[in-house]
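Number of protein chains: 2
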Amino acid sequence: AAERDHIGLKRLIEDLHAADVADLLEQLGHDMREAVVQVLGADLDPEVLSELDDDVRDDVLAAMDPEHLARAARELDADDVVYLIEDLDEDQQQNVLEALEPVDRTAVQQALNYPEYTAGRMMRRDFVAAPPHWTVGQMIDHMRAHDDLPDAFHDVVLVDPALKPVGLAPLSRIMGSGRDRVLRDLQRDQMEIIDATEPQADVAYGFNQYHMASAPVVDEAGRLVGVILMEDAMEALDEEAEEDLKRLSGVGDESLSDKVWEITKLRFPWLAVNLGTAILASMVISQFDATIAQIVALAVLMPIVASMGGNAATQTLAVAVRALATRDLTAANMRRLVTRETVVGFTNGVIFAVMVAVVEVIWYGDYKLAAVIGVAMVINMVAAGLAGILIPIALDRAGADPALASGTFVTTVTDVVGFFSFLGLAGMVLL
Amino acid sequence: AAERDHIGLKRLIEDLHAADVADLLEQLGHDMREAVVQVLGADLDPEVLSELDDDVRDDVLAAMDPEHLARAARELDADDVVYLIEDLDEDQQQNVLEALEPVDRTAVQQALNYPEYTAGRMMRRDFVAAPPHWTVGQMIDHMRAHDDLPDAFHDVVLVDPALKPVGLAPLSRIMGSGRDRVLRDLQRDQMEIIDATEPQADVAYGFNQYHMASAPVVDEAGRLVGVILMEDAMEALDEEAEEDLKRLSGVGDESLSDKVWEITKLRFPWLAVNLGTAILASMVISQFDATIAQIVALAVLMPIVASMGGNAATQTLAVAVRALATRDLTAANMRRLVTRETVVGFTNGVIFAVMVAVVEVIWYGDYKLAAVIGVAMVINMVAAGLAGILIPIALDRAGADPALASGTFVTTVTDVVGFFSFLGLAGMVLL
Numbered sequence: 004a005a006e007r008d009h010i011g012l013k014r015l016i017e018d019l020h021a022a023d024v025a026d027l028l029e030q031l032g033h034d035m036r037e038a039v040v041q042v043l044g045a046d047l048d049p050e051v052l053s054e055l056d057d058d059v060r061d062d063v064l065a066a067m068d069p070e071h072l073a074r075a076a077r078e079l080d081a082d083d084v085v086y087l088i089e090d091l092d093e094d095q096q097q098n099v100l101e102a103l104e105p106v107d108r109t110a111v112q113q114a115l116n117y118p119e120y121t122a123g124r125m126m127r128r129d130f131v132a133a134p135p136h137w138t139v140g141q142m143i144d145h146m147r148a149h150d151d152l153p154d155a156f157h158d159v160v161l162v163d164p165a166l167k168p169v170g171l172a173p174l175s176r177i178m179g180s181g182r183d184r185v186l187r188d189l190q191r192d193q194m195e196i197i198d199a200t201e202p203q204a205d206v207a208y209g210f211n212q213y214h215m216a217s218a219p220v221v222d223e224a225g226r227l228v229g230v231i232l233m234e235d236a237m238e239a240l241d242e243e244a245e246e247d248l249k250r251l252s253g254v255g256d257e258s259l260s261d262k263v264w265e266i267t268k269l270r271f272p273w274l275a276v277n278l279g280t281a282i283l284a285s286m287v288i289s290q291f292d293a294t295i296a297q298i299v300a301l302a303v304l305m306p307i308v309a310s311m312g313g314n315a316a317t318q319t320l321a322v323a324v325r326a327l328a329t330r331d332l333t334a335a336n337m338r339r340l341v342t343r344e345t346v347v348g349f350t351n352g353v354i355f356a357v358m359v360a361v362v363e364v365i366w367y368g369d370y371k372l373a374a375v376i377g378v379a380m381v382i383n384m385v386a387a388g389l390a391g392i393l394i395p396i397a398l399d400r401a402g403a404d405p406a407l408a409s410g411t412f413v414t415t416v417t418d419v420v421g422f423f424s425f426l427g428l429a430g431m432v433l434l
Numbered sequence: 004a005a006e007r008d009h010i011g012l013k014r015l016i017e018d019l020h021a022a023d024v025a026d027l028l029e030q031l032g033h034d035m036r037e038a039v040v041q042v043l044g045a046d047l048d049p050e051v052l053s054e055l056d057d058d059v060r061d062d063v064l065a066a067m068d069p070e071h072l073a074r075a076a077r078e079l080d081a082d083d084v085v086y087l088i089e090d091l092d093e094d095q096q097q098n099v100l101e102a103l104e105p106v107d108r109t110a111v112q113q114a115l116n117y118p119e120y121t122a123g124r125m126m127r128r129d130f131v132a133a134p135p136h137w138t139v140g141q142m143i144d145h146m147r148a149h150d151d152l153p154d155a156f157h158d159v160v161l162v163d164p165a166l167k168p169v170g171l172a173p174l175s176r177i178m179g180s181g182r183d184r185v186l187r188d189l190q191r192d193q194m195e196i197i198d199a200t201e202p203q204a205d206v207a208y209g210f211n212q213y214h215m216a217s218a219p220v221v222d223e224a225g226r227l228v229g230v231i232l233m234e235d236a237m238e239a240l241d242e243e244a245e246e247d248l249k250r251l252s253g254v255g256d257e258s259l260s261d262k263v264w265e266i267t268k269l270r271f272p273w274l275a276v277n278l279g280t281a282i283l284a285s286m287v288i289s290q291f292d293a294t295i296a297q298i299v300a301l302a303v304l305m306p307i308v309a310s311m312g313g314n315a316a317t318q319t320l321a322v323a324v325r326a327l328a329t330r331d332l333t334a335a336n337m338r339r340l341v342t343r344e345t346v347v348g349f350t351n352g353v354i355f356a357v358m359v360a361v362v363e364v365i366w367y368g369d370y371k372l373a374a375v376i377g378v379a380m381v382i383n384m385v386a387a388g389l390a391g392i393l394i395p396i397a398l399d400r401a402g403a404d405p406a407l408a409s410g411t412f413v414t415t416v417t418d419v420v421g422f423f424s425f426l427g428l429a430g431m432v433l434l
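Taken in sequence, the protein lines are chains A and B.
Sequential numbering from 4 applies to the first sequence in my numbering.
Sequential numbering from 4 applies to the second sequence in my numbering.
Worth flagging that the hints you see were computed from the coordinates, not collected in a lab.
Possibly wrong hints are sitting among the right ones.
One copy or two, it doesn't matter: identical chains are merged, so the pair holds either way.
In silico lysine-lysine, DSBU-like type, Cα no more than 35 Å apart, as pairs [to be verified]: (1) K13 <-> K262; (2) K13 <-> K167; (3) K371 <-> K268; (4) K13 <-> K371.
Bound conformation, chain A alone:
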C-alpha cells in the first residue's frame, strides 16, 4: 500500500511547479504533511523545500530522512541551502553542511554569518563577472566554455582587478552588440551597489524604485560577494508588505500552518497591551460615573464618539504607515501632511457632528446633548487625524517600525479623548 501511495502521490505532483507543491504541503495539517513527505521520500523535489514558508519548512525537514535531506542540499544553490538550514539546530546544520562540496559549504557558512533579513542572506553567490575591458566576443566565448552558468542572471557584473563592481552589462545589450564591442561601453547608466548588511526592506525598496534587474552585493571592503536579482527582491517586497499589514493589525510573525497554541502565544502581547489601554479608557469613564448615573443616554451614545475617532484614526494611520514604507512621507512634506490630516479631521468632524446631532435629537430630543456630542465629535476627529499621523512618524524617528503598535496607541488616544470630551462636556453643560 505504501508503494501504491508513493506512485499515486508522485504522479499527482510531478507536473506541478515546485511553488505549487510547496503550497499544497502548507495546506495540509501537520500529521498529513509528515506522512506525505515520508511517502515521497527521495522523490520530493529539493526546489520545493526552498519554496516553503519557514515554519512548514522546519516541519518538513524534521520529517525527512537525513540522507534525503543531505542529497537535496547538494542539489540546491547555496542561497537556497542557507534558507533551508538557517533555523536548524547546530547538529543538524552540521550534518547538512558536511554533505556539501567544500566550496558550497564555505559559501553557505559565509552567508549564515550575515544577519537574517539582510542582503547577505538574500544574495546569490553564483554570478557572472568580467573585467570591463572584455569584448562581447570574449564574454560570449567565456560563457560558452562554462557549462555551470547560474540558472538565472540578467547582467554581467563588471569588476576591477580588486573585485570591486564598476558596472552592469545587461545580457540583452551584450547579445545585440557586435563581437568587438567592449563591455564597458554597454553598461547600464545606473548601478546600485548594495552592502551585504543592508536590510532586505531597503533592498526591496531600491529594486522597486529603480526597476533594477540585478544589483551587486559587496562586503565591508567593497569587494563583490554576490548578486541580488529582481526575483529575490520581489519576494522580499512581498514579505515586507505582509509584515506591514500584519503589524498594523497587531499580528506578529505567524503563519497559516501554525498551531493553536503558537497563534495564541503570538497574538497575546498586543491583546494584553490593548487590555491595558482599554482599562485606561474605562478609568476615564469612571471619572464621570456620577454624570452617567443621572443621564444614562451618555452611556448609550459615548461609544459612537469613540468609534468614529478610532475609525478616522485608522484611516490616517494606514496612509501614514504606507507613505513611510515607500519613503514618500519625508521631512519635506511632513508639515503639509500633518496640516492636511488635521483639516480633514476637522472637516469630517463637522460633517459627522451634524449627522450624529440629528440622530441624537431624533432619538432623545435633547438639543443640549446634541450640541455636546457634536462638539465632542469634532474634537475627537481632529485628535484622530493628529494621532494617526504623528504617532507613526514618532515611532519612525525613534527607529522603530511605524506599523508596529501604532494601531493600539492611536485608538487609545481616540478612546480617551472621545470619552473625556463627551462625558466632560456633558457634565459641564447638562448638570
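Assemble chain B onto chain A, guided by the hints.
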C-alpha cells in the same frame, strides 16, 4: 531670474534617477509643482512622467506646454505613453496621439482598449520573438542587425507561424550556448501565457509565485501581443499590497498629493458606514439602559469587552485577508483555519476573561460582575475569531474584495456581541 531658476533647477535634478525626480515632484505642493514643471520646460525628462503617481501625473501634464508633452510622448515607449494619457480627456489624448508615429499611435490605441489594471495595459509592446527552430547563431545575428532592441528584456519569445507563443528562451542560456544550438532546446521548463484581459493582481501573483522573468501576453485568438516583465509585475504587486492595506483600513484610492477636499470625500463613505454600525451598537446598549442606570459600573466596563473583541477580530482579519490575497486560504484548509481561529478565540478569551475579572474584583470587588464580564469576554473573543475569518471568506466568495469593508463589518459584530452579552448577562445575573 527665470533663466537662473531654470539653470539651477536643471543642475539640481540632472544627476537624479527619473524615479527620484518624480518623488520630488510628488512632495511639492500643487503651485510649487506647477512652477517647477514650467521652469524646467523641455528639460523635464519624459521618463519622470511615467514614474509619477497618477494624480500628480495629471497635475504635471496640465502644467506642461502641449508641445513639450507631445515631444515627451514621442520619446517614451508605448506602454509609458498609455499610462501618461489614460486619464486625459478625449481632446488632450487626441493631441498626444497625433504627435506619435503611426505605429506607436496604433499600439497606444490598442492598449487603451483594454480595461485599466489588466495585463493588456501593463504589457510592453516592444519584445523580441523568434521561431523555435532558429539557432543561437541566427538569433544573435538577428539581434545584432537590429539597433532598436527593447530597453529591457530577459527572454526571447518563441512563436509558431500563427504567432502563438510556444516557449521562452532565456538570454542567459542563449548566450551560454554554441551557435548551432536550436532555441527550442534552450527553452524554460515552464511558461505562463497571460490573457490580455487578466487582472493585474493575478499577473503579479503569478510572477511572484513562479519567479518568472517574463511572460507572453496573448489576445483572444491566442496571438502574442505583448510581454510583461518582472519589473512591471513587481510594481503591480506593490500597488496591490498598498490597496489591501488601505482597504483594510477603510481608505480608498487616495494619494499623498490629494487635497483636503478630495481626501475628505474619499474617506467619507466608510466613516458614514461606521456611523451606521456605531448607532446599531448604541441601540443594543439602549436596550439595557435600565440596567445601566442601576449599575453604572456596567457603563464603565463595557468598552473593555467591545475593544478586546474588536482587536482580536482585527488580528484574525489581517491574517485572513492576506491569506486570501496570496491564495493560501482555499477550500482545502478553510475548515481547519476556521476551527483554529475559533479555538484561538476561545483560548485567548479564557485568558483575558481571568485577567479582566481580576481587574474588576480589584476595582469594584463584585464577584458576580467579575463572572459576568469574564463570560462575556469569552463569548466575544469567539465571535471575533469567527467574524474575522468568515466575513472576508464570504466577501471573497461573493466576488468582492475581502479587504474591502471587512473591518467595519467585523467590528460591528464584536461591538454588538460584546455589548449584548455583557449587558444581557449582567441584567440576568445582577438584578
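The hints, checked one at a time:
Taking CA atoms no more than 35 Å apart as the test, K13 paired with K262 passes inside one copy only; the shortest distance there is 28 Å, against 58 Å between copies. Taking the shortest Cα distances, K13 and K167 sit within 35 Å of each other only across copies (31 Å), while inside one copy they are farther apart (46 Å). For a Cα distance limit of 35 Å, the shortest separation of K371 from K268 across copies, 29 Å, qualifies, whereas the shortest one inside one copy, 47 Å, does not. Neither within a single protomer nor between protomers do K13 and K371 lie at most 35 Å apart by alpha-carbon distance, with minima of 75 Å and 60 Å respectively.
Hint check: a violation occurs at hint 4 only; the rest are consistent with the structure.
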